[in-house]
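Residue numbers (the numbering used here), protein chains in the order written: chain P, 2 to 262; chain V, 13 to 449.
Errors might be hidden in some of the hints.
[Stated by the list, open to error] To list a few chain P residues with every Cβ distance to chain V over 12 Å, as calculated:
| # | residue |
| --- | --- |
| 1 | S57 |
| 2 | R68 |
| 3 | E72 |
| 4 | K83 |
| 5 | T118 |
| 6 | N223 |
| 7 | T236 |
[Claimed, not checked] Calculated pairs, SDA-like style, for lysine to any residue (alpha carbon to alpha carbon, straight line, at most 20 Å):
| # | chain 1 | residue 1 | chain 2 | residue 2 |
| --- | --- | --- | --- | --- |
| 8 | P | K147 | V | I100 |
| 9 | P | K127 | V | R316 |
| 10 | V | K346 | P | G109 |
| 11 | P | K127 | V | F236 |
| 12 | P | K147 | V | D43 |
| 13 | P | K147 | V | T315 |
| 14 | P | K61 | P | R80 |
| 15 | P | K61 | V | E331 |
| 16 | P | K143 | V | S237 |
| 17 | P | K147 | V | R45 |
| 18 | P | K127 | V | Q240 |
| 19 | P | K61 | V | P330 |
| 20 | P | K143 | V | T40 |
| 21 | P | K127 | P | I163 |
| 22 | P | K143 | V | R98 |
| 23 | P | K143 | V | R35 |
| 24 | P | K143 | V | R45 |
| 25 | P | K143 | V | K346 |
| 26 | P | K143 | V | N339 |
| 27 | P | K147 | V | R445 |
| 28 | P | K143 | V | R241 |
| 29 | P | K61 | V | N339 |
| 30 | P | K195 | P | N223 |
| 31 | V | K346 | V | I100 |
| 32 | P | K143 | V | G231 |
| 33 | P | K127 | V | S237 |
| 34 | P | K143 | V | L46 |
| 35 | P | K143 | V | D43 |
| 36 | P | K143 | V | I42 |
| 37 | P | K61 | V | R161 |
| 38 | P | K147 | V | T442 |
| 39 | P | K147 | V | S393 |
| 40 | P | K127 | V | I100 |
No lab work stands behind these hints, which were simulated from the structure alone. The model shown is predicted, which means the values in this text are computed figures rather than measured ones. C-beta atoms are modelled at their ideal positions from N, C-alpha and C, and glycine is treated no differently.
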Amino acid sequence: MNQHMQTPLVELDDISIAFGGIRAVDGASLDLYPGEVVGLLGHNGAGKSTLIKILSGAYKRDSGAIRIDGEDATINNPRDAKAYGIETIYQTLAVADNVDAAANLFLGRELVTAIGTLDDVAMEAKAREVMGRLNPNFRRFKEPVKALSGGQRQSVAIARAILFNARILIMDEPTAALGPQETAQVGDLIRQLKSEGIGIFLISHDIHDVFDLADRVCVMKNGQVVGIARTADVTKDEVLGMIIMGKCPPGAIPGPGAMKA
Amino acid sequence: MAEQNTIESSSTPGFIAGSPIQRFLSATEIDTRLVGMIGALLLIWMGFHFLSGGLFMTPRNLWNLSVQTASISIMATGMVLVIVTRNIDLSVGSLLGIIAMVMGVMQAEYLPGMLGFGHPLIWAIALAVGIVCGVAIGALQGAIIAYLRVPAFIVTLGGYLVWRGAAWWVTSGRTVAPLDSRFRLMGGGPEGAVGATVSWILAIVACLGIGAYLIYARGQRHRFSFQQRPLWAEALLAALGCGAVIGAVLVFNAYPWPVRIAQNYANAHNIPIPDGGLFISHGIAIPVLLAVAVGVVMTFIATRTRFGRYVFAMGGNPEAADLAGINTRWVTVKIFMLLGGLCAIAAAISSARLNAATNAMGTLDELYVIAAAVIGGTSLSGGVGTIVGAMIGALVMQSLQSGMVLMGLDSPLQSIVVGIVLVVAVWLDTLYRNRAQ
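For reference, chain P alone in the conformation it holds in the complex:
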């Protein structure tokens, strides 16, 4: 693949963060290219979500560098991350439960009228357009998001992430709350976004999902990267071995967390 000749969209370089005495992420390095899907795998508490929350600005790293398009990026809060075109769909969905879908889609970036008041009708019209593409069955625009089903809330969270021309999309367990049909929809969406040149970090427990969608996988264990491999070069069993034992197979590039042979 010649994509590795170009500048990575994102480079996470030697990132560490500790909560109290626990090193949640310990010297993790990872990169992402345009139009690429990188799957992040690992047990609960392996540090996947924490690493990704550093990129999305929810946590502040203790050390290490983040580079966007090869240049050092300053990301101290979610607003900074959004300014770099980094959008995140969190595991908890992070939707404001008591306002409607349109308000959620535009939260923090509301459309305003000439005199600076909220332009609710314009936001609702745009929301109808975006949601119509994403989930044509979605019609409950006037109700608080609290009243929606898990899948509908998920559509709202995804629509919010893609509404503002994201370049880098982080999806933390995007299908955790979904049924099979909706999961397939998310899969189609990921392929579509990938073809538009968006780089995607996909965090998942489901190794099958990841093999279907990701170009590369990165396995983490105890806050460290076990190894990074192209999905074409490793088998699912080998990746399971990485997740469970930290054993790095020949097809993968070992990281600091790999079991010493």
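Given chain P, work out where chain V should sit, using these hints.
This is chain V only, laid out in the frame that chain P set:
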């Protein structure tokens, strides 16, 4: 997807089968909760009217009720935003006390010396100083809550003691009186009401405003070809709104000046006194106009601005608001600044009404303000509440007080009743919410 389709058809206005009442409510898009509150208020009024032997629903009592409600309802509009973001402010009563004291000292002791006694700007400067004080104190408390992460309950509990102490300290406990004659107009009374003619002009302006708003809303929906309300529903809403305004003005205009004051006024202006006494209408009281203006502005802020949207989003899910890139800390500070400013307006009304600033002014107001917001449907778990609801809540509280006084109930009994009503009101609201879900 069959389930989704059925839900959709039952939530889209205009296409509803079901009972005529449901159809009516969805066509007009009237908030059923608000209707319930107004209904409860009217029940309370009629109950007291009956129990007090026809004393309650008289122009005189309703006019006084409106003036008595002004101060609490102004603070309650700000308290709504505080409670919506899962905070609380226990210091508003003490804040009212210290600000009233500062404004009192300004207009009674400093400004006359600097500008001359009775200078026409004294009231404005005193009020401005009060508002600056209120906003500054709110900013201080808000910053401690938002940036130092001390719980609002503790910060404002501290503020409750600090500002009450400060109010005492300013004049060593001395009462400041009398206040500036123009400042006093903010407290109501025969002088502090706008009279019949101006009341009618304001009523016409309000009715035009209601009409203009409905037309604007229709235009906005048309712009994106959304479903419109049926015309009869629009007409009904306009009629209800204008009817309420005109009804209120009729009541306020039906309350004449007291005989002696009217006589003095007639003598001073060489007006002949007709048989049966001179009838000069009070019209709308100035504090009531202030409260209505605050209500309109606060509703606008809460529903039509980014700030208001952030307040409600934060209340629903603080983490999500933060992750969406909202500067939640700064929004929190702004909410407390806003409430501080509103306390200053309330302080002006309270002290002007008393024609004095005392160090005990505003004692227990924090509880009435919180109770008004909660009775008005503001949820202590955050995210839910309306400005109008809180103002009606304040009116309910004040109606209870006033009604019990008219019935001649003892003061301890009054407290017992108000306490019980508060708990029952919140319980009913919980029932309503559970059913609505």
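Check: Failing hints, ascending?
Finding: 1, 4, 5, 8, 22, 25, 26, 30, 40
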